Amino acid sequence: MTGPSRSPILDVGSRAVFHTVLVVAVYLLCSGHNAPGGGFIAGLVAGAAFVLLDAANDFDPAARRGRLPPEVLLGAGLAVAAATGLTSLAAGATFLESDFVSLSLPGFGTVKATTALVFDVGVFLLVLGMVLAVVDRLGEEPE
Amino acid sequence: MIPALIAWHALVASAAPVLARRLGRRVFLWCALAPAVTLGWIVAVAPKVRAGDPATASIRWVPALGLELGFRMDGFGLLMAGVVAGIGLLVFAYARSYFAGHEHPKLGALGAHLVGFAGAMFGLVTADNVFALFVFWELTAVFSFLLIGFEDTKGSARGAAREALLITSLGGLALLAGLVLLTQAAGRASLAEILASPPRGGTVTAALVLVVVGAATKSAQVPFHSWLPAAMEAPTPVSAYLHSATMVKAGVYLVARFAPAYGATGVWRPLVIGIGLATMLVGGYRALRQHDLKLLLAFGTISQLGFLFVVFGAGTPTATKAGTAVLLAHALFKAALFLVTGIIDHQAHTRDIRRLDGIGRHHRLLAATGIAAAASMAGIPLSFGFVAKELALETWIDGPFAGPGNAAVLAGVVVASMLTVAYSARFVWGAFAAKGAFPGARAVGADMPAPSLAFLAPAALPAAAGVLFGLVPGRIGSLVVDAAAALGSVAAKGPAGAGLELWHGFTPALGLSALVLTGGGVLVAARRRVERLQTDAPSPVGAATGYQRSLEWLNLVADRTTAVLQNGSLPTYVAVVTITVVVVPGAVLVRHLQVPDGLVAAESWVQLAVVGLLAVAVGALVRIHRRFAAVLLVGAVGFLVAGLFVLQGGADLALTLVLIETLGIVIFVLVLRHLPERFRAPVGRGVVAARAAVAVAGGVFVTGFLLTAGAARTAAPVGEALIDQALPLGGGRNVVNVILTDFRALDTLGEISVLLVAALGIGALVTAGRGRSREEQR
Amino acid sequence: MSLALAVAAGILVSGGLYLVLQRTLTRVVLGFGLLSHGANLVLLAAGGRAGAVPLVDGRRGMADPLVQAMILTAIVITFGITAFLLALAYRSWQLTRDDQVEDDREDRRIARLATRRGRR
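Protein chains in written order, with my numbering: chain Y, 1 to 143; chain C, 1001 to 1778; chain V, 2001 to 2120.
It cannot be assumed that every hint is accurate.
Pairwise CB distance ranges (calculated) [stated by the list, open to error]:
| hint | chain 1 | residue 1 | chain 2 | residue 2 | range |
| --- | --- | --- | --- | --- | --- |
| 1 | V | 2104 | C | 1550 | 25 to 33 Å |
| 2 | V | 2104 | C | 1689 | 46 to 54 Å |
| 3 | V | 2103 | C | 1754 | 25 to 33 Å |
Here are a few chain C residues that sit away from chain V, every Cβ distance over 12 Å (derived from the structure) [what the hints assert, rightly or not]:
| hint | residue |
| --- | --- |
| 4 | 1152 |
| 5 | 1223 |
| 6 | 1270 |
| 7 | 1274 |
| 8 | 1478 |
| 9 | 1759 |
Residues from chain V shown here face chain Y by an in silico Cβ test under 10 Å; the list is partial [unchecked claim]:
| hint | residue |
| --- | --- |
| 10 | 2052 |
| 11 | 2056 |
| 12 | 2075 |
| 13 | 2079 |
| 14 | 2080 |
By construction, these hints were calculated from the structure, which means they are not laboratory data. Given the structure is predicted, the values throughout are model-derived calculations rather than measurements. No residue lacks a Cβ here, since even glycine has one placed at the ideal position from N, Cα and C.
This is chain Y alone, in the form it adopts within the complex (with noise of 0.2 Å):
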């Protein structure tokens, strides 16, 4: 794994399956309170859509430049799901008591909010920023 010797099919095709990943990864985080799914398998095809990116650009740390540090996601990731057990707390509940509306809008039907997913999200972020901060570090080429 010396020197460039990128693949040409690797890279274009990651290109091309990136976004389509990330895209079910946000499926499969909003739909997992109800089908397979939820935080952490989201998170981790998250974070296997930016690895394959990784992979296609040979683990270059020049390729993820302007990318959010995973340190950035893991904080976030932490604070969303703390702050979510605490805004039960604040709203008279127990520590991470959850509470759902269930709404209807025109086109999408009945779909049901829930605190839940506020805390499923911060699940999500932390576990791919976990997998980003892994592979960036071990994929880096020792001095």
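Chains C and V: place on chain Y using the hints.
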């Protein structure tokens, strides 16, 4: 109010080190505020408490476990708390003068520890919940450790502190075990409730023995007494407070509480009274040999503590009253004697009997204080010690043992009391007499500067109280009776409820007192011969040597165990852990091996096939030595396990695992590309076989455990309820996700925190040392 | 409970223990992975017989969702820890150019000390 007072102690203590920087040794006056406030409160509640209405308080601690910090100060607790606060007040006033001339940088800490101790001791004598009592019990041991080791640059002080801590905390463990057994048997943790309807039985007997062991270590009873003489390394105010008047009484306190309830049960009296008698005799005998005034007093304390065990141990009404009187008398005269010794030490810079000469002639007030206190210790008529000792002798004249047992105890007490008279006289003679210095020693004393009145007063007050209470025992007597009544066995109206009197008439007790004084007088008169006899007598193995030996032995065992179990080899550690798991719970498992109801060979042929493939993959993985092939095999194992999840009905699981395995292979490859292609050459056949045996044993254990655990299910799984509640409570259809993000969201929050730490740790590990290498390049 | 599942857990634990007993860090990490698979199967088997995927749709006979939630947590944590162990192995390689665990020198010295003191 009791918890508030304890908090007040904590507050005063924590401010003391800061204030000491400004105030110097005047910080002890600030420290005195803690016992002063406590004493004020005690005086205020005294009438109510003495009338039989204890002061109580309770703090909810862990309500779910039924744990609460319960406090209850009855008459006996009142007396003890009064002693703790009263002597504390004297000691703080005294310490201000004692530390004059040597401004120690740690004075603030000393004051803080003393106040902390006072708070802990106050908690100990007012705690009703046995576990709260235990916590305070251990706290006093910690403060005692800190105070003995005050001169922490001296090796002997550090050793003494460690010895005291080791011995008393060993006893503390025994006490804890005893208290746990007792609460189990009684079904409650309130000391007052347990003792009001004491449980019986074999477990309780074991518990009592453990409690007595704990009490014996704290109260320096034979054979645990070696720490108390060693603790004389502490500054004299500490010795006066902790190691004569209060902390060492904690064991006696427990005996006093337990004896009325358990005095009549089989093991109690022989055990407690046997220990007490031995301690009395050993302490008295050793005290006669000492040249250091403090050591003399220390062995005297041991002897007196033994006396208290003997008296309280009987548990009869008279005994309880007598014990309470002796306890109070001892606190007064022993504190006074220690404080007098401290004054001599401070003014003359020695407390060696062989050098002190003629102090009594030049310092009348000091001598009067010392002599009054010593007279109370010896039980000379007209002193409070005499009144108390008369009562104690009475206990054993019409005592609880039948026939010769009683006479034997009485004989032991009489002999030990003669020794007490002798060493009391030795103290007075050694400290004050104009006897000339011993050969080879430079005499001091005549030229000793006189102590200030503020220095002397804290010593003179308790000594004077001893005389006053002896002459007019009426008022203090009713306090003693009320205290004894609270212990449960004294009917305040009965014959034992009568107050204390100086003159009982011509009773057998008076005859014994006369015998004691005569015998003591003979010992004093023949002191040279006695001393020669003691020097010539072969000295038996002392407790101090015993302590040293057991410490060395303990170190050796620890070293050897460490050498075997922790030899530095990681595989050995893993093997030791595995073998322990397999052998210890495994031995039980073999006897109770069961299979659950409804066990099937396999869910389906597919499952069987997957497990077969899994076995093949694992078998290949453990033998392979090519790194990348091993990683691919681990991936294969992961996918097979994911297959098992699918077959079992775990869609989310399988999805997660497949993703994880994929990412895992990528990460493995990223790291392993740097490492050699093959693992290191295999080790010898024997080692391989041993490792394989340990590994297979572990696997077999897990399977057996799983089957047996499956058969042991008694309650219905909660899974059903979770399925039912997912939609109404969680608003979701994917039950697994609802559990993760809602029902058990706190677990998930913990889990993602672990992930965060792991991710940050990886970053730190990989980038570690980079900055340094750059610096080196520069 | 399925015997096959219980046996599979035992096999995974055996293989995992054998690898953890090695001195090569990479094999230890691999063994750790097997051990956690084994532990997860223990949980799974403890949840009872196979069933339908626990999605509420009016059907009965679902698998126990609680064990699944626990296993899911365990899988992700294992991933984090495994990555951490790999980073350790990587660091070990950076420092020593090897991923073998040698005997701890400090512990060896204590062991020698004990034998000497015992002889005295």
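message: Tell me the hint numbers this structure goes against, listed in increasing order.
response: Failing hints, ascending: 2, 9, 10.
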